[in-house]
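Visitor: Heads up: the protein sequence lines correspond to chains D and H, in order. For the first sequence, counting from 1, position 375 maps to 374 in numbering that gives the first Met the number 0; every step adds exactly one. For the second sequence, counting from 1, position 304 maps to 303 in numbering that gives the first Met the number 0; every step adds exactly one.
If you're looking for bench data, these hints aren't it; they were derived computationally from the structure. Cβ coordinates follow ideal geometry from the N, Cα and C atoms, glycine included. Mixed in with the good hints there might be a few duds.
Stated by the list, open to error - Which stretches of chain D does chain H cover? Using the computed rule of at least three CB atoms under 8 Å from a CB of chain H, they are:
1. 629-640
2. 656-666
Stated by the list, open to error - Cross-link-like lysine-lysine pairs, in silico, DSBU-like; alpha carbons within 35 Å at most:
3. Lys539/D <-> Lys599/D
4. Lys121/H <-> Lys3/D
5. Lys3/D <-> Lys3/H
6. Lys17/H <-> Lys571/D
7. Lys529/D <-> Lys539/D
8. Lys3/D <-> Lys281/H
9. Lys37/D <-> Lys58/D
10. Lys599/D <-> Lys145/D
11. Lys220/H <-> Lys571/D
12. Lys515/D <-> Lys328/D
What the hints assert, rightly or not - Just a sample of chain H residues kept apart from chain D, beta carbon distances all over 10 Å, derived:
13. Asp32
14. Glu36
15. Leu63
16. Asp228
17. Phe248
18. Asp267
19. Glu292
20. Asp298
21. Glu301
22. Tyr313
23. Arg356
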Amino acid sequence: MNKKRFVQFVIAAMVFIAADIWIYTSLMGSFTAYVEEKNYDEVALFVQTAPEEKSEYAKWLSQVEEIIPGSVAVYLDYRDHEFVPTVGMNAATDALWQQAGKSNAFRQALESSYYLETIKLRDQYQVRYDLLEPERGSTIPTDRTKVHIYFVPVIADNGYEALGTVMILVPSTGILGFTRLLRIFAVGAAIAFVAILWAVMLTRDPVTSFMVLGLMVIVLIFVAYPLLEALRLSFMKNGRFSLETWKLGLSPTYIVALWGSLKLGVATATASTIIGFMIAFLVERTAFKRKRLISILATMPVISPPFSLSLSIILLFGNNGLITTQLLKMKTFSIYGLGGLTVVQTISMFPIAFLTISGVLKQIDSTVEDASLDLSATRWQTFRSITLPLATPGILSAWMLVFTNSLADFANPQLLAGSLKVLSTEAYMIVTGRMNDLGGGAMLSFLLLLPTLTAFMVQRFWVARKSFVTVTGKPSTTLADLTSKQVRTVLSVVTYFVIGFIMLLYLTIVAGAFVKNWGIDYTFTLSNWKAVVDSWEAIKSTVLLSLIAAPTAGLLSMIAAMLIVRKNFPGKRFLEVLMMTPYAIPGTLVGISYIIAFNKPPLMLVGTAAIIVINYVIRELPVGLENGITALHQIDPSIEEAAHDLGADVPTVFRTIVLPLVRPAFISSMSYTFVRAMTAVSAIIFLTSAKWYHLTVKILSYSENIRFGLASVLCTVLIIIVLGVFGLMQLLVKDEKLTQKSIAMR
Amino acid sequence: MEKKSVSVTLNNVTKIFKDPKGKADVLAVDNADFVVEPGELVTLLGPSGCGKTTTLRMIGGFELPTSGKVYIGSDDVTMLPPNRRDTATMFQSYGLFPHMSVFDNVAYGLRLRKTEPDAIRKQVNEYLALVGLAGYGERAPGRLSGGQQQRVALARSLIVTPSVLLLDEPLSNLDALLREQMRVEIKRIQRSLGITAVYVTHDRVEAMSLSDRVIVMKDGKIRQIGAPDVIYEKPDSRFVAGFVGKAAFFPVAIGERKEGVWHCMLGDKVVHARSAAPDIVKNSEGVLMARPESLRLVDKGEGHLDGRVRMNVYLGHSLESYIQTAFGEVLVQVDDPNARTIRKEGEEVSIEFPPDRVRLLGKSEE
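Isolated chain D, as found in the complex:
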């Protein structure tokens, strides 16, 4: 590195930091002086309001806190040539008096009171506020705190005699909020300046450095910071470190919820994997006809709102369900609970298993199966000894993914859990409930994170590594039909049953939108559609915010992918891990940590549209990033180097070369983000405000309040919007097939 430039850099940084410190201390000094003067005036005024009767002094003294937050007043009566504390003493002031009452400073101050002078002690004193009972007031500090002490004489009616004096303790933490903010800005400015200076002076390519810095700032503020804040809060109680919250988490109530989540996760993951495998096998490994159609229909639930199927299950099998009550006249059947929830989650999540497993099956070269058959193994032997072992990593991956999704699911349990307790809804309840216990919510979400993170890690670093399948780039054209006619019939029947059930559920939602009062009065009506008018604002803001989030997430993830694949910089691994983190984190935890971190200065974002968009973007970045990285790995780096060499700077290379080449990945990230943003519930439910409402939250609340007609209407609208935009974006990608082909060429 260039020594001269480094010295210049150090000097410039020092000069700035010195200036920064100077501004900080000046501002602090003048602000402190201002506050102290104001306090001085206020205590003096306060003492003038002393009541006539000494019996009212206690009440009077307790009012001091309303004037100066956190302050405490004690009245010292003047009798027998001595000031004696009489009113308002408590454990904290008692300790102070014992310790310092006989000191010179106090003696002089009391003498001044005798001569009717108001005085403030020069030194600050430490007071054991923690000795006070916490109910005394919310603004009182709960720790050992430094205070300024004022002595203000109470003057008798004759005007020249001191009746006594009031000792007022004013905590210097009164201005703590302001100083904290000032410190954050001072430190932030210094860091920002040094970072920018470093990028400009010491790096060869400032633009890349700025992009890296920008991404670092984004993930540090919106991924690391809220999670750390949430973790911190879960270890706090009344402002002090405490394990109480975690002890609560390990109490039987919540262990039952954890157990419930795990039971549900295992059931859903197993059922989804079995169904996903059967359909994937039918589509990829047999001479089955309608493969394309089945693939499309089977992936439908992925792009519809996660709880729309819960809604239609309730319509069909609920307490007043069409099938259970009206058709079958069942009295005691209840869909609410583990069984119903497993069915709904399986239907919503088996497409994940289907896509994962069919991806793996597609890549198994069928010649190995042919070879096995050729060596006179039976079809069953071939399946058991060849196909199944090769597909096992894929099957395990699918199981883990569905398991993670099931645990993180919030909306379906919210509607269907019944008496079953699961962590995601318990966390929501504890946060929105009477206690408004954010720390508890954070703790429960972290509890939920343990199994999901474990599954994610196992899937990522163990199962994925075990994979035998190598990508040869040419999917085999011939297909060994591994199934006998009977087996294929069974598989087809299962597939058609599942697909038919999905269709039935969607049709139910549409039907629900046109029925007067589901369960009671099935006459046709359009009156439900007034919900569209009522929720017009919610629809508008949902679509608008999703439309903002989609290109933002798309662009950010492509830029990040370019940096990670093509550039070398310190902290690259760290950046990548932080960007991928939201993928493994349940939405509930994201939502809770966001309200913990961004409902206070300096980032007061709760209630704005920004926090909703940021939440969408941060949560969908990992998928876009993966897409981008995969796409870039397939592009010869010398294409970008050539452009760079011909005079294009990094942003120009990105705009004219990288973005057009990764366009399919870019568009699919955008459409993915859009769909996920439109159908998000678990994190968003914590972040919506009166102004920025989300359609899914509205549907959820309609469903909870048994306004099924209205819920069905909004659900239908949502599905139409999502399908429309998704289809449009798919068309855009299809257009790019030509480009894709030529990227592969050298």
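Add chain H to chain D, keeping to what the hints say.
Guide: For chain H alone, coordinates are given in the frame of chain D:
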């Protein structure tokens, strides 16, 4: 098109690739120090992994030297990114923009320089004609043959009139015939533009036929710099001798040096040889290097080394005789083979070492 040629100077340039785990750092280029004169075509020649491409990429700005400086002309460009250097690189895989037509590929550099559209059209057509691709402008690069893609890359590099042209094994993806054609083409264009060029290859024939000077590299170190004939005829190490052509090596005892000629003992015969190798000391052991075409076959007992013909391989313009000797098998090339010069298989012969055609090298294997 005319532009003043400039030199390229590498000043003690070293590149170490850091292993992220800090265990196995790779010394890719070790203290490279040379000057490419204005208008000169210099080849970096060496086996794969010798650091030649890394050296080129440091000139182009794609890698940052760990230490040392790179100058283009008299400007220190060490810290400049590629887009701010007056160099143009032709990549091994061409790096054509697959989403643009041939015309747009070639026009890319000009568009970045905000050239007028009319001027762009004129110049692009001019350069496409220069590389023999007039009329191919509207094609997609994916629909051209390897040689045509290569020419598009060349036109794209040249159109921005760089001071220095950097070529990274540009011919390695072409078949043998096309390679020969393009070799001539590149040299012709480079000469006519008078552009300074650095060419990376592992193919000695390419290096010999193209360059004004060759830099032979191994394990990140420069082993020898010189004109092709110097490198071939007067290598100063066994590695260079073996890498740039076929060579036979014989262990000798080094004796006196008289008038610049060393007297060496090969067995009991005295052989005279010159040397440029730095590590030659009197009364030590050395290695004698001879090219197959420099050796002559004579009757038994008349030459310096006796042997027997084991096999003859007839190549038309020459014949390769494999001679079994006390020092192993030695290849002797017989030019213009005819009945008079060909020795039959199994015949006892002797190999003669013409004094000016053999070189004395240090004993080291390198």
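Visitor: Could you run down the list of hints and mark each one as holding or not?
Guide: Hint check results:
no.: 1; hint: 629-640; verdict: holds (count 5)
no.: 2; hint: 656-666; verdict: holds (count 3)
no.: 3; hint: Lys539/D <-> Lys599/D; verdict: holds, 28 Å
no.: 4; hint: Lys121/H <-> Lys3/D; verdict: violated, 46 Å
no.: 5; hint: Lys3/D <-> Lys3/H; verdict: holds, 32 Å
no.: 6; hint: Lys17/H <-> Lys571/D; verdict: holds, 14 Å
no.: 7; hint: Lys529/D <-> Lys539/D; verdict: holds, 15 Å
no.: 8; hint: Lys3/D <-> Lys281/H; verdict: violated, 50 Å
no.: 9; hint: Lys37/D <-> Lys58/D; verdict: holds, 23 Å
no.: 10; hint: Lys599/D <-> Lys145/D; verdict: holds, 24 Å
no.: 11; hint: Lys220/H <-> Lys571/D; verdict: holds, 31 Å
no.: 12; hint: Lys515/D <-> Lys328/D; verdict: holds, 21 Å
no.: 13; hint: Asp32; verdict: holds, 20 Å
no.: 14; hint: Glu36; verdict: holds, 23 Å
no.: 15; hint: Leu63; verdict: violated, 6 Å
no.: 16; hint: Asp228; verdict: holds, 33 Å
no.: 17; hint: Phe248; verdict: holds, 39 Å
no.: 18; hint: Asp267; verdict: holds, 58 Å
no.: 19; hint: Glu292; verdict: holds, 38 Å
no.: 20; hint: Asp298; verdict: holds, 56 Å
no.: 21; hint: Glu301; verdict: holds, 57 Å
no.: 22; hint: Tyr313; verdict: holds, 39 Å
no.: 23; hint: Arg356; verdict: holds, 43 Å
Violated hints, in rising order: 4, 8 and 15; the structure is consistent with all others.
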